[in-house]
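Kindly generate the complete structure, drawing on both the sequences and the hints.
4 protein chains.
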Amino acid sequence: MNANTRLSGIFTPNLVPLTAEGAINEPELRRYVDWLIERGVHGLYPNGSTGEFTRFSVEERRRIVEIIADQTAGRVPILAGAAEANVRETLKACEYYASLGVRAVAIVAPFYYKLSPASVYAYFEEIGRNTPIDVTLYNIPMFASPIDVPTVQRLSECCERIVAIKDSSGDLPHMIRMITAVRPNRPDFSFLTGWDAALMPLLLIGCDGGTNASSGVVPELTRKLYDLTLGGQLDAARQIQYDLVTLFDTMLYQAEFPDGFRAAANLRGFTMGTGRQPLSSEQQADMSTLSDTLQCLLANHGFADQPVRGCSPATIPRTADALRSMGALRESGSSQSDDVGRIVQGVVAELRRRGMM
Amino acid sequence: MNANTRLSGIFTPNLVPLTAEGAINEPELRRYVDWLIERGVHGLYPNGSTGEFTRFSVEERRRIVEIIADQTAGRVPILAGAAEANVRETLKACEYYASLGVRAVAIVAPFYYKLSPASVYAYFEEIGRNTPIDVTLYNIPMFASPIDVPTVQRLSECCERIVAIKDSSGDLPHMIRMITAVRPNRPDFSFLTGWDAALMPLLLIGCDGGTNASSGVVPELTRKLYDLTLGGQLDAARQIQYDLVTLFDTMLYQAEFPDGFRAAANLRGFTMGTGRQPLSSEQQADMSTLSDTLQCLLANHGFADQPVRGCSPATIPRTADALRSMGALRESGSSQSDDVGRIVQGVVAELRRRGMM
Amino acid sequence: MNANTRLSGIFTPNLVPLTAEGAINEPELRRYVDWLIERGVHGLYPNGSTGEFTRFSVEERRRIVEIIADQTAGRVPILAGAAEANVRETLKACEYYASLGVRAVAIVAPFYYKLSPASVYAYFEEIGRNTPIDVTLYNIPMFASPIDVPTVQRLSECCERIVAIKDSSGDLPHMIRMITAVRPNRPDFSFLTGWDAALMPLLLIGCDGGTNASSGVVPELTRKLYDLTLGGQLDAARQIQYDLVTLFDTMLYQAEFPDGFRAAANLRGFTMGTGRQPLSSEQQADMSTLSDTLQCLLANHGFADQPVRGCSPATIPRTADALRSMGALRESGSSQSDDVGRIVQGVVAELRRRGMM
Amino acid sequence: MNANTRLSGIFTPNLVPLTAEGAINEPELRRYVDWLIERGVHGLYPNGSTGEFTRFSVEERRRIVEIIADQTAGRVPILAGAAEANVRETLKACEYYASLGVRAVAIVAPFYYKLSPASVYAYFEEIGRNTPIDVTLYNIPMFASPIDVPTVQRLSECCERIVAIKDSSGDLPHMIRMITAVRPNRPDFSFLTGWDAALMPLLLIGCDGGTNASSGVVPELTRKLYDLTLGGQLDAARQIQYDLVTLFDTMLYQAEFPDGFRAAANLRGFTMGTGRQPLSSEQQADMSTLSDTLQCLLANHGFADQPVRGCSPATIPRTADALRSMGALRESGSSQSDDVGRIVQGVVAELRRRGMM
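Protein chains in written order, with my numbering: chain V, 36 to 392; chain P, 36 to 392; chain G, 36 to 392; chain R, 36 to 392.
Source of the hints: derived by calculation from the structure; they are not laboratory data.
Worth double-checking, as some hints may not be accurate.
Among the chain P residues that face chain G by a calculated CB cut under 8 Å, a handful are [what the hints assert, rightly or not]:
hint : residue
1    : Ile211
2    : Arg212
3    : Thr215
4    : Ala233
5    : Leu239
6    : Arg273
7    : Tyr277
Simulated DEER-style distance windows between Cβ atoms [what the hints assert, rightly or not]:
hint : chain 1 : residue 1 : chain 2 : residue 2 : range
8    : V       : Glu61     : P       : Arg65     : 38 to 48 Å
9    : G       : Asp340    : P       : Gln274    : 45 to 55 Å
10   : V       : Leu135    : R       : Pro342    : 51 to 61 Å
11   : R       : Arg98     : G       : Asp69     : 37 to 47 Å
12   : R       : Gly241    : G       : Thr324    : 38 to 48 Å
13   : G       : Thr324    : R       : Ser134    : 38 to 48 Å
14   : P       : Ala271    : R       : Thr324    : 42 to 52 Å
15   : R       : Pro219    : V       : Arg164    : 46 to 56 Å
16   : V       : Glu101    : R       : Asn335    : 48 to 58 Å
17   : P       : Thr309    : V       : Gly337    : 52 to 62 Å
18   : R       : Pro342    : V       : Pro222    : 26 to 36 Å
19   : G       : Asp223    : P       : Gln274    : 12 to 22 Å
C-beta atoms are modelled at their ideal positions from N, C-alpha and C, and glycine is treated no differently.
Laid out in structure tokens, this is it:
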């Protein structure tokens, strides 16, 4: 149990290409896996949020991991998302993925119901005590019950099989708090960030790596950022981090997640197909505009040709322009118009339900 | 298409009794169904949030509706929760439940991912245009993507098969906005509230009924509240509404949802079994304290005997006392201690993810 | 100390007319006071949020109450907003307003810093023990530290001089919780709502009245709603409540608060002048559009002539249309575009500051 | 207009010592100023949130700046908080502080009312076009209307006198977005962070300095962190940043802000006096416990002697322990118990008010 065994590097939370009929596009998925590995990602991470695990059936989720494990053939480690409807089903998935030879599983905290830290602890403790394979906690509080610092600490103390946390909160002091709470007793415990917009500073304050959706689109860039940061070339790293924020913001905020990432992967030469969540005709038009913007951003880094009508400064946004054009999209009636509203409505209702008002 | 066909009355979002091994306890479920119908509920609503639909497998959800439809045998209408992993799977569930003769299905907005109004519309429109059975929209913004007023209006206009909305936000002006937006064009459209703490005033401003978890515990009381309110006996109704707030708050805020309701149903004579979400030993102790409190509250209405050690004023809380004792529970280390924290962490992370900060 | 002495009825949180130079327009304020009293408001409430108390100097706040007290001349009771920079200054204001003969003061919970319930209690307890005049607690959690149910109960028990709460949360179960917590021991304690969109149902579940910004624009309508509700004419009251939601939403959400109310008061024949918060040129254009919408809504009730270019159905919104046109305004680049965003940014930052992430 | 003129380094947002009667303790304030300058702070920042500007009168705020300007006597630059009730009063304060020779003023966005970006822009534009002195925007979204990225960019373009932003959101990608939006056109524009828990990484991604409350307590430590980070000694800097998170969290979350900082300044040898916000007797007891914890933390760095009863591991918290003991404090009835609750209630109410539910 030492620092050398820690999970580290950039794991790609991979997208799932679909056929015209909406089924898993196995050949394209295999081609995508090869492409990612060839471009330097340190590992793969099927059945994450980027992989839309909730929109597949139990059988499909298993099939996705089977394909990826088979195609990877040991070249890089695999972190397999294993969350199912309840503890019993989740443990069955752990067993199955262990049989496929993946390095570890990642398990998101319970979602839909928002659980207390005590319940989150009880849930992961039962898994941690019974899993046949290493477990990565997956903290993504915008979608699932949060895993707070004391809970991570307690879980790191109860269960040797719990070996890492992937944190998508993007909160830097929170990461510092987890590291100082856990590392003294568990030098083998790994801290991964899912928040691409702060990857460089998170690595600098002690993270071991990341599971970053951007690496499914620009694996060369995230790898370079990782290498430069660890190599102490901070001026060069900082500029890449700036560019990554612009690209990440554009993919994340100008379409429903993960459609912006799917659109960008199309531009890298893959046929991602239509996502499983239906889009209105307005949304489809928005996606086309977004695709042009993304093509210009990718062309900027040599990852795509410019679109035929060229890239004006307005098409290649600086970060603030990206935010502004996001506003502009909104103003033309796009689906983003109420994204904050609905987030907040969620809290509001939850709070009323819990009598906090 | 007129007001007479509207879904109305109190539908019970029924709990699911489990065996010691965690399987569906079919005989107890059948006994529970009879008991509810005999005590005056107007309908049943399996696979709602109270019924923990996300914690069952696809097959179990179908089995639950089969049992309830069989046992009900047409005595009351059934509203069957039909949300599955994606539109295709949801439509298959609609077809199956239609074949069982249920009155309508209820479909919660997409969850985990928080979708924009445009996506929520696209999702329900595709369902509304293809469903073989009447659909009730289910708006529960604390758990799922909100369905906002313009979206409800548009859906009521696109799709005749969409005939109702169950709204669990508890927000009164929001209900008024929906009613004034939809009713002029769709007099047959029904508005149901899932927020027991405001049932009386919501009925008074125009709701047709409710799907209220409390009716699974005190069906006599919710029925009486409904009848008194519609009969214009407001002074009597108001007092029952006050009492219901105290009972509801206690069941809702002093345990993870729906464990407080399960504990209270036990006190009414059912063997609900252990829920599917594991509890820590501290949480189990809290449940025992909560059970005493609930027993006193139920005894107050003649629905249970007092516990052997009696009910001090401290055990029978006024509403504010209930809130205070909730605080007290918290202070003794219970699982509630961070309920708000985790809610808010969710928003926070979502917002950061969406670049709103 | 009995129920008969309770503050009750509709108190108008009055706007302050300004001159072209931005000073208090005393003659117009006096004319406005007369107009309100003649149209049936039960009381006046200077230095509330509607009255923009934070944008005036200490001396101006005193002058506003002096003018209103003088002009009212005892015809209706006055509730004077008395919050100043700290307890000592607030108590000085209480003394001064007592000397002017107002019925009571209203004191908002501390703002800017968000205080815990313990601090909110300590603040009001010190005021409650030293005030020479009756105090109304003012709970407006969107702007100031919330006053929660146990805090209201404790304050009602410590301090006889604390005689009422004005609650602008609009949360109905919250009001029920306060009433059941306080009324048994303090039958003289009054509950007023500041949330016009739920006035009727709040009166029906036990409120004594309201301090409603709408009553500064359509005092005839709020008075009628109050009288019909108390008189048990619920069908007629319900329709007025529906209309009031549409009007209130339009005034509240289509401009910075309270500019929508100021625009509507202009349409009732007053010269409100320019508010103290600067507007961009875009915002000024939005205000002109809003004014047309408001004129049509007021004309609908006979409170204004139609604008010269008439009122199309698009100009006279149903409630949902109002919400939609709000969206439309947003889409044309108005100042509303980020209202939710900034609210949420506030929480986010607060939470990060408090380490909740 | 070039990068060399940028505001940079650590500005101390200084606390205000009070006498037993609650007045400004001028001799102690002068002694505190000398002590801070001798320990290496790069500048002083009176009338910030740490300085409780809202709890002083207009006259007192001016007196505080007079004292500090006089005592500093040009040794370090002064950034004077200048926000008053409205634009006109704020501009008067700018003129007065300019006459005292301060380097710049800092102006918080409008608070109480939560304004849209358009209104925030209009407010600062009017100030920026009329101020006789350089202006630092102050973004503290937990307390005041947020200043979003496009607004900062527009203000940087409209107004040369606006030369910096102090951002207390602590959000790292947000800082990156601001820098990439503003720096190309305004190389002289400075970015300061008010979020001590992320000072090192914020400096590493491009910030010019900070206004950090911790520097009023441990000026030696924040200066050392600043120097090590800029000097590229990242391993040493990282450890100090970890320690600073623990200290900062303890001061920030275990008492009402800024009372934890006041308690720690007492331990450094100053008589801060009683704050202007009253505390309950329970809160006073909590402060005594907190003081012991802080003394141990300070002793750890040689900034204080250990308390007479010593420092057990329980008294010297690791970060997660600090969080846990925060929970413990909560459980013993402290004032922190509802800090999140009240934050969220704020949003909730705001949202309801804005019709977002």
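Subject >> chain G contact restraint on P:Arg273 - CB to CB distance below 8 Å >> reply: Because about 6 Å separates P:Arg273 from the closest Cβ in chain G, which is inside the 8 Å limit, the hint holds.
Original post:
At a threshold of 8 Å, is the proposed contact between P:Thr215 and chain G supported by beta-carbon distances?
Top reply: holds (4 Å)
**OP:** Would you check whether P:Arg212 satisfies its interface hint, that is, whether its CB is within less than 8 Å of any CB in chain G?
**Re:** Cβ of P:Arg212 sits 5 Å from chain G, so the hint holds.
Subject >> Hint check, P:Leu239 versus chain G [nearest Cβ-Cβ separation less than 8 Å] >> reply: At 6 Å from the nearest chain G Cβ, P:Leu239 passes the 8 Å test, so the hint holds.
Original post:
Is the gap between the beta carbons of V:Glu101 and R:Asn335 within 48 to 58 Å?
Top reply: holds (53 Å)
Original post:
So does R:Pro342 sit 26 to 36 Å from V:Pro222, Cβ to Cβ?
Top reply: holds (32 Å)
**OP:** Closer than 8 Å between Cβ atoms is the bar; does P:Ile211 clear it against chain G? Give me holds or violated.
**Re:** holds (5 Å)
Subject >> CB-CB spacing for V:Arg164 and R:Pro219 relative to the 46 to 56 Å hint >> reply: holds (55 Å)
Subject >> Satisfaction of the P:Tyr277 interface hint, Cβ to chain G closer than 8 Å >> reply: holds (5 Å)
**OP:** For the range 52 to 62 Å, tell me whether the beta carbons of P:Thr309 and V:Gly337 fit it or not.
**Re:** Holds, at about 58 Å.
Original post:
Is the hinted range of 38 to 48 Å satisfied by the C-beta distance from G:Thr324 to R:Ser134?
Top reply: holds (44 Å)
Original post:
Between R:Gly241 and G:Thr324, is the Cβ distance one that fits in 38 to 48 Å?
Top reply: holds (41 Å)
Of the numbered hints given earlier, the model fails none.
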